[in-house]
Amino acid sequence: MIDLKDKLVLALGERDGVPGPALEACAVSAGAKVIYSATQCFA
Amino acid sequence: MIQERRAIGVPVIRAARFVLAHVPDLVMSGSKPRRELARQGEVLRTQLRAHLRSFRDAVAYPPHQVLIGNQVPELLYEFPRPWHMRPMDNAPAVGAAGMIIDQDSFYAWLARADTANLIVLDDAYAPRIAAGLEGVRVSTRDAAGLARAVSAGAEPFHCDGHDGDVRVAGVVLPGHEEDESLRAPVLLENLAAKVTGALALRRLRDEVAPHEPVDFLLGSGEEAVGDRYQRGGGNLAKAIGELAGVRTPGGADVKAFCAGPVHALILAGALIAAGVHRRVVVVGGGSLAKLGMKFRGHLTVDYPILEDVLAGMAIDVVADDGRSPELRLDAAMVHRIEDGGAGHHMYGALAQAPLRTLGLRLSDVDRFAVELHNPDITEPAGSGDVPGNNYTMLAALAARAGEITREQMPAFVRAHGLPGFSPTQGHIPSAIPYLPHAILGLTEGTMTRVQFIAKGSLFLGRMTGMSDGASILLERNAQFLRKGVTS
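Chains A and B, in that order, give the protein sequences.
The opening position of the first sequence corresponds to residue -11 in the working numbering, with each subsequent residue numbered one higher.
The opening position of the second sequence corresponds to residue 8 in the working numbering, with each subsequent residue numbered one higher.
To be clear, the hints were calculated from the coordinates, so they are not data collected in a lab.
Please note that a few of the clues may not be correct.
[Unchecked claim] Example chain B residues on the side facing chain A (calculated, C-beta under 10 Å, incomplete):
#1 Asn242
#2 Lys245
#3 Ala349
#4 Glu378
#5 Thr385
#6 Pro394
#7 Gly409
#8 Thr412
#9 Gln415
#10 Met416
#11 Pro417
[Claimed, not checked] Cβ pair distances, simulated, as ranges:
#12 Val173/B <-> Leu0/A: 50 to 58 Å
#13 Arg413/B <-> Asp(-6)/A: 33 to 41 Å
#14 Pro87/B <-> Asp(-6)/A: 47 to 55 Å
#15 Lys(-5)/A <-> Gly48/B: 39 to 47 Å
#16 Ala13/A <-> Ala159/B: 45 to 53 Å
#17 Ala485/B <-> Lys(-5)/A: 54 to 62 Å
#18 Val16/A <-> Gly329/B: 50 to 58 Å
Virtual Cβ for every residue (Gly too), placed ideally from N, Cα, C.
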């Protein structure tokens, strides 16, 4: 388990997996600061 | 005399047709190969060419046989992957749900589609496709003339010569010397979409009620037609209709990335239900930019370049004919701005919520059609099995709702899901390739209900971080049920 508190996070999401905003919400709830969030469509 | 108001009716989806154009030489014109070729040049070109498929191979490819209706999707569960290693003997290029055309036929249609006289064919190549050019005025030049045009901004398209060498078959000239939106590569993209959409519409018109006029065409492709003052201005729908030879409809386009066709089907159903039109056809052409999109993965595992087909489609929406599956507008759903974008949010909103409004569970749907990308195309590029992932999410929702246990999820996926069989042509894989099979299953088969769920990646346009989606529910026709007609 990684402690994300006060960590800087790059959230790279995928449309048919976990999208960027969902990663961002998880990271923020764990006390991280999201400095970049994006979603890609790899299909 | 004052006309009486038209009665509000139940819309049905009567038929769907898909056309694949096998265009191996246009793989080099896809966005990804084009960029990579500019960096790596002839070494990569040679490597790509060595991995191109023949027309025969493209026809014999099992997922293509499913798309044009000669085989059922479930057959693919029986075939070990990769499916290009399992060619189907004597597979026909024509099926109940569509057809596959070769590159020469496609180039002839490209010339037919060119109302602006911007296509110039090689004078040695034009005779090869003369049969397809009958009645069409086409400009030709010799090889040197075409080379000069290319150096002035024209976009070439290639073919194999009789000696096996690659040569320029023709070029598309720029539409305007200063207009970025009318650059030759953009026009080739748009013409490719126009041709494939028109071929699907022709197929539909010829085979389904040819004497019944089409009132309206709804374009739902991903192209952007326009000039510098209205990039993406659109209404390719009417251009598709014109090329297909239908005279009666008007048209307009619906834009929603890959979810465009399902949005368009909801709108088509509403136009029918409201009595505005009696016959609406949703059309869409193929995406040239996506050819060879995942070629790197295919080269790595020594597959042929599987993204070598353009796909067009046409879907017939009419008032209740007493037989065709009903488009339940009371269960049509769109992804709203306030809905979340995570998988369970999307499927909760698009699949589960509309079913609940009808008192139905996920398990009450015979089949779900989701993003039906062919996993042989996506997995070598690291994108996974897209339909497989989406069906797992649906199964998880069913488990969370207490419909099934967690252990029953794989069985749910097999019973209610499908293998992916669509080329990665953006809006084409988005649920709709299952339509011909669903129509058959809901009329001559034993199915009662099929839900189609499409997603669209709005975030790719940099205007929002949101996703999008839309869903429709098709049900066995109530009149057909009352007649007791079953297989």
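Worksheet item: Can Pro417/B be said to touch chain A, with a Cβ gap under 10 Å?
Response: 19 Å, violated
Fill in: Met416/B as an interface hint toward chain A, with CB separation required under 10 Å
Given a least distance of 17 Å, the restraint on Met416/B is violated.
Worksheet item: Quick one: are Val16/A and Gly329/B within 50 to 58 Å, going by C-beta?
Response: About 55 Å separates the Cβ atoms of Val16/A and Gly329/B, which means 50 to 58 Å holds.
Worksheet item: Against chain A, is Ala349/B within 10 Å by beta-carbon distance?
Response: Check passed: Cβ of Ala349/B comes within 4 Å of chain A, closer than 10 Å.
Practice prompt. Return holds or violated for the Cβ distance of Lys(-5)/A and Gly48/B against the range 39 to 47 Å.
Written response: Given range 39 to 47 Å: holds, Cβ gap about 43 Å.
Worksheet item: Is 54 to 62 Å a correct range for the gap between the Cβ atoms of Ala485/B and Lys(-5)/A?
Response: The hint (54 to 62 Å, Cβ to Cβ) holds, given that Ala485/B and Lys(-5)/A are roughly 57 Å apart.
Fill in: Status of the Glu378/B interface restraint (C-beta, 10 Å, chain A)
6 Å, holds
Worksheet item: Would the hint on Gln415/B stand, with a C-beta cut-off of 10 Å toward chain A?
Response: 23 Å, violated
Discussion item. A closest beta-carbon separation below 10 Å is what the hint needs, so does Gly409/B meet it against chain A?
Written reply: 24 Å, violated
Worksheet item: Does the hinted range 50 to 58 Å hold for Val173/B and Leu0/A at CB?
Response: Since the Cβ atoms of Val173/B and Leu0/A sit about 38 Å apart, the hinted range of 50 to 58 Å is violated.
Practice prompt. Using Cβ atoms only, decide whether Thr412/B comes closer than 10 Å to chain A, and label the hint accordingly.
Written response: This hint is violated: Thr412/B lies away from chain A, its Cβ roughly 24 Å from the closest one there, beyond 10 Å.
Item to complete: Just tell me: holds or violated, for the beta carbon distance of Arg413/B and Asp(-6)/A against 33 to 41 Å?
Response: The hint (33 to 41 Å, Cβ to Cβ) holds, given that Arg413/B and Asp(-6)/A are roughly 36 Å apart.
Checked against the numbered hints given earlier, this structure breaks hints 1, 2, 7, 8, 9, 10, 11, 12; the rest are met.
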